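Turn these sequences into a full structure, and let the hints steer you where they fit.
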Amino acid sequence: MPRIFLQWLSLVAIIWLQSINGTNSNFPAYSSQLKHLLSISQIQLNNLAFASDAGKLFGWLSGSAANYLPMWLVLILGSSLGLIGYGVQYLFLIGRVSDLSYGAIFFLAMLAGNSICWINTVCYLVIIRNFPLDSQLAIGLTGSYQGLSAKIYTDIVDVVYPCSNVERARAYLFLSSVLPLTVSVIVAPVARVINTVKTKREEVAFILILIITTVTGAFAIMGSMGSASRLLSPFTGAVGMVALLLAPLPIPLGLGLGHQIGKLAGEKIHIEETNSVSMDKKESGVTLDISDIISESPSESFELSFSYTSKKMNGDQLSESSTSGDDKISETNEIISVMEEIGVKVMLRRLNFWLYFFVYLFGVTLGLVFFNNLGQIAESRGRSASSLVSLSSSFGFFGRLIPSIVDYFVSRRKYMISRPAFVVALMVPTGAAFFLLLVKDNTALWLYISTATIGVCTGAITSISVSLTTELFGTKNFGVNHNVLVVNIPVGSFLFGYLAAIVYRKEVNAEGKCFGMECYRNTFILWGTLCLIGTFLSLILYARTRKFYNSQRSQGNRS
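Using mature numbering (1 follows the signal peptide of the UniProt record, and there is no 0), the letters of the sequence shown correspond one by one to residues -22 to -1, 1 to 537.
The hints are simulated quantities; they were obtained by calculation from the structure and are not laboratory data. A hint or two may mislead.
[What the hints assert, rightly or not] Label pairs and their calculated CB-CB ranges:
hint	residue 1	residue 2	range
1	Ser42	Pro167	19 to 25 Å
2	Tyr139	Arg524	50 to 56 Å
3	Thr214	Leu329	50 to 56 Å
4	Leu47	Leu227	24 to 30 Å
5	Ser42	Ala243	44 to 50 Å
[Claimed, not checked] Derived PhoX-like pairs (lysine-lysine); straight-line CA-CA distance at most 25 Å:
hint	residue 1	residue 2
6	Lys454	Lys323
7	Lys418	Lys491
8	Lys454	Lys525
9	Lys418	Lys484
10	Lys13	Lys484
11	Lys491	Lys13
Note that the structure is predicted; figures quoted are calculated from it, not measured. Note that the Cβ used here is the ideal one computed from N, Cα and C, for glycine as well.
Listed below in structure tokens is the structure:
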């Protein structure tokens, strides 16, 4: 099969994987029911939310495994962890497994959370290596679908169990255990690194996928809005979402077919030219040598040349830079420029890493903690948790897509955007959204606006972080380095979530529930303040990396 077909088929496979990999985003949709069924306190429930994030503490294992195991095996191992983690919890809720302690459930939640890291590692590595010229664009396009996971799971549950809260909670756990493994088995043969022989930008293909992705996000948001969602039945919404997920599939088929047609046409022209030369030489009485007849076609010559270059790059692709300072700039190859190519031990001694770590902690991680508590926040305001979860998922989708759109138009002008500057621009509205949650509003308008804003901004920073990790610390050890960075997610989930649970407990009534603005007032003030601190730290990171990005702009202008 043509390599361009396999290359783009791997992109479609990653889209499908990412669309079902956000299983942790389902927690708010069933957290209130889980709290009731297990008869646990708010703090214990918060600890279960933390357990899912705590699985990321061991996310570096997936990065290490990817260095030694084939991608398909890493993918199956990761999805199997999710099957065990969510599956046993599901069996416990339906009464098939009894006598599970709270500690056992905590461990299962942590195991399920760790499974997400394995699938993410495969997705990121396949995209970065298969699309080196357009890694940010491809990462953003595929990663945006993870923001739709909660919406996709909700659509399926709405069709099967539209009313019963107990059955819905069980359905979320069942789907979270089975669906990732099913999709992983289906795409495992094609979700792999392809030794591409061409690095030509397929702009038309990317534009088509961008259009499909935008339509998918618009459809998801339309299904999340109260008035618009009533126009679509649950079944229609689910079928429409499946159709949009299948829509990118004809693109690799078209590219593969076009490649084959072009190859056959090129071979025909080459044979005709060879025959013409042979006839001319025979007519002139010249003796033919076999090497005159059998020669390489231009495409074969290019493939051999690129193959040699690729082997040389794989042998010494990424040079280790000096460990003398953060401002050292080096280039790994002609495609990806990085500040330095370092491993995790050296990275942990870099000031840039710790600035980046706390920016992520006070930005993305705070947003995730907000989403983990969205079920209780909605309950305290008398609103539907499912609608808010679906809203945050849909806007998170577009948030992850925004950096890709910006990167696409900027790269066409040979201009390299500063990722830290982009992060600064996103941290400001995130902090403002937390403070807007303090505004009293009987219609809950500000609750919906703030949820959408936090979804967009955290989604965008999550997408940017993949490229930012690569640019700051290199590609060679990306799998381990990025998983070390996201260790701040379980740390922040525990600290921020635990404080929120303590504040919530002080306001509960005799039934253990809290209603009104006071439930999370102090929590929102704290989160907003921390986000402002993160904004200041991101400004420092921008100042420290400005020299690197200015140098890349200068090189782009010269070329």
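These are the hints, each one checked on the structure:
no. : hint                        : in the structure
1   : Ser42 - Pro167: 19 to 25 Å  : holds, 24 Å
2   : Tyr139 - Arg524: 50 to 56 Å : holds, 53 Å
3   : Thr214 - Leu329: 50 to 56 Å : holds, 53 Å
4   : Leu47 - Leu227: 24 to 30 Å  : holds, 27 Å
5   : Ser42 - Ala243: 44 to 50 Å  : holds, 46 Å
6   : Lys454 - Lys323             : holds, 14 Å
7   : Lys418 - Lys491             : holds, 20 Å
8   : Lys454 - Lys525             : holds, 23 Å
9   : Lys418 - Lys484             : holds, 20 Å
10  : Lys13 - Lys484              : holds, 18 Å
11  : Lys491 - Lys13              : holds, 11 Å
Consistency note: the structure conflicts with none of the earlier hints.
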